[in-house]
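Enquirer: Starting from the known structure of chain A, fit chain B onto it as the hints suggest.
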Amino acid sequence: MNLTQERILKVEAVVLEHHEWGEADRLLSLFTREHGRLRAVAKGVRRIRSRKAGHLEPFTRVALVLARGRDLWIVTQAETLEANLALHGDLEGIGYASYVVELLERLTYEEGPNPDLYRLLVETLRHLDENLDPPALILRYFELHLLDLAGFRPELKECVTCRRPIQPEDQYFSSALGGVLCPTCGKLEPSARPVSMNALRYLRHLQRSTYAEARRARPAPTVAGEMERLLQDYLSYILETRLNSPEFLRQVRQPLNPANHLPPTSSSESPL
Amino acid sequence: MAVLPEPVQNLAVAFERLPGIGPKTAARLTFYLLRAPEEVSRQLAEALLALKSQTALCENCFNITRAGQSLCEICSDPERDESLICVVEEPLDALAIERTAAFKGRYHVLHGVLSPIEGIGPEDLKIRPLLDRVRRGGVREIILATNPSLEGDATALYLRQQLLPLGVRVTRLARGLPVGGDLEYADQNTLLRALAGRQEMD
Chain A
333 MNLTQERILK VEAVVLEHHE WGEADRLLSL FTREHGRLRA VAKGVRRIRS RKAGHLEPFT
393 RVALVLARGR DLWIVTQAET LEANLALHGD LEGIGYASYV VELLERLTYE EGPNPDLYRL
453 LVETLRHLDE NLDPPALILR YFELHLLDLA GFRPELKECV TCRRPIQPED QYFSSALGGV
513 LCPTCGKLEP SARPVSMNAL RYLRHLQRST YAEARRARPA PTVAGEMERL LQDYLSYILE
573 TRLNSPEFLR QVRQPLNPAN HLPPTSSSES PL
Chain B
26 MAVLPEPVQN LAVAFERLPG IGPKTAARLT FYLLRAPEEV SRQLAEALLA LKSQTALCEN
86 CFNITRAGQS LCEICSDPER DESLICVVEE PLDALAIERT AAFKGRYHVL HGVLSPIEGI
146 GPEDLKIRPL LDRVRRGGVR EIILATNPSL EGDATALYLR QQLLPLGVRV TRLARGLPVG
206 GDLEYADQNT LLRALAGRQE MD
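Protein sequence lines, in the order shown, are assigned to chains A and B.
In this note's numbering, each residue's number is its place in the first sequence (first place is 1) plus 332.
In this note's numbering, each residue's number is its place in the second sequence (first place is 1) plus 25.
Only chain A is shown next, with the shape it has when bound in the complex (with noise of 0.2 Å):
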């Protein structure tokens, strides 16, 4: 459908950031399920009595109707579908969710639907919001799944350099390669760093699972944190600069004053 022919769009989305725009109203940075990412003007939601304003926070699902203002699409109706409530009961939940839209929003541009990367997005913050599954793993399915529909999917079964099968043994990964190398290979690649079998063996996993047969892998901490390294890097590799929500959540889990003698938060078991 020719976006710029249409006057009145009905659509659902993600809420992903919101703005303060002008004198009450809301600038809003949507992922539609029907048009990918759109940005809309909320008028009048920081008045206390706006109809409007319950519906439209962050990591909200919601039915909207959109009407083409001037220069930006106005929202005229707006109804809740998925409240996502828990998460905003919850800093680092918030931090984890921001994670979320932060990365999508940094890989994505608007450029017309993506009906796979919106149900990922709906499930990811479900599963954050539901609380089951640790959130380290929901975060690197999203991370893999998410690469994968933003087109850049790492190699993970077979040699990027020598196109050979990966052998059950320790390999090499290299970002700027985009994938793994054969121990042979990697020893000579300067861009490349060690990753264990079972670190890659569980990226695999994650990669090519549903997300109901993801859930049930559970690897030892030092894997998931080896795991968690080897992503990070491959991203800010891609990014090129560092995300905010992150370094937020290692803000916020410690003490603000060393003075004020407060054990700080562990942070072996922390997905971040």
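Any given hint could turn out to be false.
[Claimed, not checked] DEER-style ranges, computed between Cβ atoms:
hint: 1; chain 1: B; residue 1: Arg60; chain 2: A; residue 2: Gln409; range: 40 to 48 Å
hint: 2; chain 1: B; residue 1: Leu74; chain 2: A; residue 2: Glu455; range: 17 to 25 Å
hint: 3; chain 1: A; residue 1: Arg381; chain 2: B; residue 2: Glu123; range: 18 to 26 Å
hint: 4; chain 1: B; residue 1: Ala61; chain 2: A; residue 2: Glu572; range: 47 to 55 Å
hint: 5; chain 1: B; residue 1: Leu189; chain 2: A; residue 2: Pro497; range: 52 to 60 Å
Since the hints were derived computationally from the structure, they do not count as laboratory data.
Source: prediction; values computed, not measured.
Even glycine gets a Cβ: it sits at the ideal position worked out from N, Cα and C.
Expert: Frame of chain A, contents of chain B only:
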């Protein structure tokens, strides 16, 4: 179109930088001042200069105060209850609560809210001075009056986490149905909280 003289253009450009003012409004304001008595312009100019040079932040609560005064009117008022601190995002929020005339405690202005995606963390707000105020003792209750938005929630959750170990009571403004509102338009979020926070009618 003939180019306007520089002084006229300069003012129009300056107006246009203000929030909510586009080129048309900027030109209208400029031409209004051009025609109005000189007194109007002089008063405006003096008020603008004084705005920056004669204001400062209160050393205790970080609300706006007159330059040269270390404490604002509220912090230096002995009638105000210093064991009760209301934490707000911006000075305008303190003003809104003052208009109710129902709050007799003191304020603490954070000058912003936490935002994970924009990278605004605890160090960017006036949170450390708030913790110091509580540590100095004599504070009974902290009322968190951040906005009922994602960022306001994040900020309140963080403050709770930092304040509870200090042994102070932490409360948050109630959320629910606005006065004159219509139930059928309420979102689930607001209704759930209104239900949870229902009160005995006695």
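Enquirer: Take the C-beta atom of arginine 381 of chain A and the C-beta atom of glutamate 123 of chain B, compute their distance, and say whether it sits inside 18 to 26 Å.
Expert: Since arginine 381 of chain A and glutamate 123 of chain B have Cβ atoms about 21 Å apart, the given range 18 to 26 Å holds.
Enquirer: Quick one: are leucine 189 of chain B and proline 497 of chain A within 52 to 60 Å, going by C-beta?
Expert: Given about 55 Å between the Cβ atoms, the range holds.
Enquirer: Per the hint of 40 to 48 Å, is the separation of the Cβ atoms of arginine 60 of chain B and glutamine 409 of chain A within bounds?
Expert: Taking Cβ atoms as reference, arginine 60 of chain B and glutamine 409 of chain A lie about 45 Å apart, which means the hint holds.
Enquirer: Taking the Cβ atom of leucine 74 of chain B and the Cβ atom of glutamate 455 of chain A, is their distance within the range 17 to 25 Å?
Expert: violated, 57 Å
Enquirer: Given the hint of 47 to 55 Å, check if alanine 61 of chain B and glutamate 572 of chain A actually sit that far apart at their C-beta atoms.
Expert: About 53 Å separates the Cβ atoms of alanine 61 of chain B and glutamate 572 of chain A, which means 47 to 55 Å holds.
The structure shown violates just one earlier hint, number 2.
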